[in-house]
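**Student:** Following the hints, put chain B in place on chain A, whose structure we already have.
The listed protein sequences derive, respectively, from chains A and B.
According to numbering that gives the first Met the number 0, the residues represented by the first sequence are 0 to 572, in order.
According to numbering that gives the first Met the number 0, the residues represented by the second sequence are 0 to 572, in order.
Hints are computed from structural coordinates only; laboratory data are not their basis.
Where hints are given, some of them may not hold.
In this list, chains with the same sequence are indistinguishable; a pair is considered to hold if it fits within one copy or across any two.
Lysine to aspartate or glutamate pairs mimicking DMTMM-like chemistry, simulated, CA-CA at most 25 Å apart [as the list claims (entries may be wrong)]: (1) Lys96 x Glu141; (2) Lys548 x Glu515; (3) Lys51 x Glu61; (4) Lys464 x Glu120; (5) Lys51 x Glu67; (6) Lys249 x Glu263; (7) Lys324 x Asp287; (8) Lys62 x Glu495; (9) Lys119 x Glu12; (10) Lys125 x Glu525; (11) Lys234 x Glu393; (12) Lys125 x Glu495; (13) Lys96 x Asp77; (14) Lys260 x Asp359; (15) Lys312 x Glu384; (16) Lys548 x Asp560; (17) Lys470 x Glu61; (18) Lys514 x Glu433; (19) Lys514 x Glu120; (20) Lys502 x Glu67; (21) Lys486 x Asp560; (22) Lys324 x Asp258; (23) Lys407 x Glu307; (24) Lys470 x Glu185.
2 protein chains.
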Amino acid sequence: MRTSQYILATLKEVPSDAEIISHQLMLRAGMIRRLASGLYTWLPSGLRVLRKVEAIVRDEMEKAGAIEMLMPVIQPADLWIESGRWEQFGPELLRIKDRHNREFALGPTHEEVITEFVRKEVSSYKQLPLNLFQIQTKVRDEVRPRFGVMRAREFTMKDAYSFHLSDECLANTYAIMHQAYCNVFERIGLEYRPVIADTGSIGGSVSHEFHVLAESGEDAIAFSSGSDYAANIEKAEAVMPSEPRPAATKELNTFATPDAKTIEDLKTLHGVKPHRCVKTLIVYGAPDEEGKRGLVALVVRGDHELNELKAEKHPLCDSPLEFAKDHDIIAAIGAAPGSLGPVGLSIPVIVDRSASILADFVAGANKDGEHYSGINFDRDVANYEIADLRNVVEGDVSPCGNGTLSIKRGIEVGHIFQLGTKYSDAMKAGVLNETGKNQIMTMGCYGIGVSRIVAAAIEQNFDAKGIVWPKAIAPFQIAIVPMNMHKSHRIPAVAERIYQELKAAGIEVLFDDRKERPGVMFNDMELIGIPHTLVIGERNLDDNCVEYKSRSGENAMYNLDTVVAELIAKIRG
Amino acid sequence: MRTSQYILATLKEVPSDAEIISHQLMLRAGMIRRLASGLYTWLPSGLRVLRKVEAIVRDEMEKAGAIEMLMPVIQPADLWIESGRWEQFGPELLRIKDRHNREFALGPTHEEVITEFVRKEVSSYKQLPLNLFQIQTKVRDEVRPRFGVMRAREFTMKDAYSFHLSDECLANTYAIMHQAYCNVFERIGLEYRPVIADTGSIGGSVSHEFHVLAESGEDAIAFSSGSDYAANIEKAEAVMPSEPRPAATKELNTFATPDAKTIEDLKTLHGVKPHRCVKTLIVYGAPDEEGKRGLVALVVRGDHELNELKAEKHPLCDSPLEFAKDHDIIAAIGAAPGSLGPVGLSIPVIVDRSASILADFVAGANKDGEHYSGINFDRDVANYEIADLRNVVEGDVSPCGNGTLSIKRGIEVGHIFQLGTKYSDAMKAGVLNETGKNQIMTMGCYGIGVSRIVAAAIEQNFDAKGIVWPKAIAPFQIAIVPMNMHKSHRIPAVAERIYQELKAAGIEVLFDDRKERPGVMFNDMELIGIPHTLVIGERNLDDNCVEYKSRSGENAMYNLDTVVAELIAKIRG
Chain A
0 MRTSQYILAT
10 LKEVPSDAEI
20 ISHQLMLRAG
30 MIRRLASGLY
40 TWLPSGLRVL
50 RKVEAIVRDE
60 MEKAGAIEML
70 MPVIQPADLW
80 IESGRWEQFG
90 PELLRIKDRH
100 NREFALGPTH
110 EEVITEFVRK
120 EVSSYKQLPL
130 NLFQIQTKVR
140 DEVRPRFGVM
150 RAREFTMKDA
160 YSFHLSDECL
170 ANTYAIMHQA
180 YCNVFERIGL
190 EYRPVIADTG
200 SIGGSVSHEF
210 HVLAESGEDA
220 IAFSSGSDYA
230 ANIEKAEAVM
240 PSEPRPAATK
250 ELNTFATPDA
260 KTIEDLKTLH
270 GVKPHRCVKT
280 LIVYGAPDEE
290 GKRGLVALVV
300 RGDHELNELK
310 AEKHPLCDSP
320 LEFAKDHDII
330 AAIGAAPGSL
340 GPVGLSIPVI
350 VDRSASILAD
360 FVAGANKDGE
370 HYSGINFDRD
380 VANYEIADLR
390 NVVEGDVSPC
400 GNGTLSIKRG
410 IEVGHIFQLG
420 TKYSDAMKAG
430 VLNETGKNQI
440 MTMGCYGIGV
450 SRIVAAAIEQ
460 NFDAKGIVWP
470 KAIAPFQIAI
480 VPMNMHKSHR
490 IPAVAERIYQ
500 ELKAAGIEVL
510 FDDRKERPGV
520 MFNDMELIGI
530 PHTLVIGERN
540 LDDNCVEYKS
550 RSGENAMYNL
560 DTVVAELIAK
570 IRG
Chain B
0 MRTSQYILAT
10 LKEVPSDAEI
20 ISHQLMLRAG
30 MIRRLASGLY
40 TWLPSGLRVL
50 RKVEAIVRDE
60 MEKAGAIEML
70 MPVIQPADLW
80 IESGRWEQFG
90 PELLRIKDRH
100 NREFALGPTH
110 EEVITEFVRK
120 EVSSYKQLPL
130 NLFQIQTKVR
140 DEVRPRFGVM
150 RAREFTMKDA
160 YSFHLSDECL
170 ANTYAIMHQA
180 YCNVFERIGL
190 EYRPVIADTG
200 SIGGSVSHEF
210 HVLAESGEDA
220 IAFSSGSDYA
230 ANIEKAEAVM
240 PSEPRPAATK
250 ELNTFATPDA
260 KTIEDLKTLH
270 GVKPHRCVKT
280 LIVYGAPDEE
290 GKRGLVALVV
300 RGDHELNELK
310 AEKHPLCDSP
320 LEFAKDHDII
330 AAIGAAPGSL
340 GPVGLSIPVI
350 VDRSASILAD
360 FVAGANKDGE
370 HYSGINFDRD
380 VANYEIADLR
390 NVVEGDVSPC
400 GNGTLSIKRG
410 IEVGHIFQLG
420 TKYSDAMKAG
430 VLNETGKNQI
440 MTMGCYGIGV
450 SRIVAAAIEQ
460 NFDAKGIVWP
470 KAIAPFQIAI
480 VPMNMHKSHR
490 IPAVAERIYQ
500 ELKAAGIEVL
510 FDDRKERPGV
520 MFNDMELIGI
530 PHTLVIGERN
540 LDDNCVEYKS
550 RSGENAMYNL
560 DTVVAELIAK
570 IRG
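Isolated chain A (complex conformation):
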């Protein structure tokens, strides 16, 4: 490709609305342009990268035995009503009406459509297992689209769905797909980790996310120092401390805390160490048979954070978790948040594992402006339950039993689920089994954010000059930069010959034939992140040489007679 017949669309300035480095560099390097909030056009260079990611994903899916098909973006509302998600999904599901006023959704995911397809087409266990995938434009009406293609409203996704007669068969396909995902990220050349994940609104039991590690990541991942264990912090278990609770040594005493509403206030004004006090959070309980919801107190150590996903999975709590309104708290407890504690409560109390081994600790006295010191469980707090309620922190014992946890940031680029029968039950998707009886299928689903991978790859591979693409997904393999070509006789001829010979060998070459100063051309090629650059200048030609630069900093001089063969070997090697 000649730059004179291409759209480079590079920008010198950092766009003011781009917060993270990948968004800035994708704009500056001419990979994408914003059309509207969360809607991006892929420019030629960006599309080349996107297609390379797609091709690797497709290849690994086929190797894993998945079969490609293509479902519509526009999905009838009926199917979503049948699965129950028309109500559940919320405003991220972009709902539309056609000219006849019939309701549809623009697909963020295709569990309903594929289940509808399979229940109609597959009637016998002999046709199972089946693993179907597509690579497609998806739509999700994000409340706050941001970070460019990282969290866009229209994006490219690979979604696969598998159907089985037994959970063992599902687990087997799940393991194959897990490996295929590892292969994808390894081939692209990313530092990534599969982590144990929550199943969220998709549902199911076992689930793994695949994260590209990067400081800008929106997710926190807990890693064990002693094993391969890794989990999204949403899901990482905070284990029961092995040390026993010390015996009580102090009496229960109140002290006045008129200005202390937070753990920080207690520390500053009263010298209470955060890990020696607890915070008590009041949420609504699971509704009773008449639909009424009581209150539940959640108790975690002052220096710990409540993990809302863990709390909402506790049978006593309502789901999704909802914090109680102040007037409900005051009516039930007689004090407002800021002075709450576990002593003498008449509502159910759930105590986090780490908080449960405290002795002689501090908490609110359930009387405005007063706290207790010297609190001890059992003696002062009669009825309570112990559960894992908090986020793990750096240094926690790993739930795998080996080593301690460290926390890193990750960008979620893949998510796989053992769905079980959530959709096949709701949509009555069964086949005849070996005994001739109808049996509901069990399902897996497997997603990769194809367009998000492009951005995640940049978050992990850039420097001050621009993008440093991993070889497997660079938009071009090599750039040819002839210096002051338009003032020379020799340079255009040499550049053209090398360009044609590399192209003939199947190498993807960007030939910068613009009338630009060498500095402008170098800056553009580095910004775009092309792995190899060949510089053709008069002085080197005098020595029958051309200069080679790699994007990662390597420099070399090649003889003009052998340069093409050496470059081909270098690029393929």
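**Tutor:** Only chain B this time, still in chain A's reference frame:
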């Protein structure tokens, strides 16, 4: 691919809701399934065909110098308002609102989005010409989706847009794209014709459609017997007859026609030959300065059909063309349709070229239940204009000047336009020209219905057994059909070896390893339309042979030792 690990999804029965052969065969051969009206899932075999068409289109676009990018499906309403099409486009434009109640359209075409992109990114004539394309899912909310993927609501299209400083440059790119389109259809192996076309709602001046010829085509195409001239009947000119109008020989006379309302009635009840009378159609005229519309009479021979596109382009007629309501006709003329004619009208009269050379002809007397005979222009019809108002018919003189016209049916699979400045004017898309002044760009646009090509290819290539795919787009190149494999020792080994050897040579093989009767397997492979089939049976193996069948009827016996090499040569040849 092994059928046991695939979804063949073939059907024995002809689906009752499929009207045309391609729709029936795409369902029966497991290419597509209907999700909802006009929304289809592409099954694995269908998707393989679709991707092959895409690849050919992409390759020819790149050879023509077009650069691929990818724009969003969801487009902001603002841009459509700016171009004027938000109002013009009608309900085919599927309009949606996001969670913030902002208006968007699902793109049926991308003139607005590409013009917005180019006006922002391109500032100098040095960056022109530019030819950008994408292959993408498009949405059009058809009032009556039908014929499967032929007229679907969601479909795959290749759309390209070119930008130029001059009309000459546009014409040059247009010619290159015209040739690229010919290359696409030739490579796919279709009988097609480029035809002169109307520009419709897209706009512009010069335009060609590319039609795949097939009896089921929705369009009528006029072809010259004496040249390459071909035009959509919408656009084909009916030339002025060369013979002069005969002199009048009869007096103007009325006759009673109380039961004759149509040309057919006049013929049956009164013996009037259709080509010796005229029909007079009353439409609304172009609005005057105050926006009022008068009436206009359109006169065509009794055996000819009004061409509404030609009529609405006449400056006296309103556009779009609208037939006058009966009460307006009666108020102005004093008679109702059925007894109308050109004699004594006080409204403008436009007479079709062929009607204008009639003498002594018959028409309504503008008095209910009466007709005139012996009408002659000039003597009886004082003020009239002559224009081309009718559809051409078989046998008409060709407008190219050579030969006569014949009419065939075609399926429109491509459409290219010299748009001119319609969008760039409305959206103020200019660049600095060589003199440093801002100049509006001139544009071309070029569409191919990628998914429609799949259906059109079937309309042209099928037989009683199913689809007969052109080699270039067949889902698989060869099928291996082992007979009663599960009862044999030798057959599975031979089939497996040939399968592996063909695969290793890069051939796309469908290996039918199902436990099905040979007849079922043959029927499926023929229905799917795979060009080559290799049959492996016990009896032939005794002779060290396997049987070959081509989908087009060829049969041969190959020696087991050389069969793979011979098949590879055959498939590639």
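**Student:** Does the structure break any of the earlier hints, and which numbers would those be?
**Tutor:** Hint check: nothing fails, all pass.
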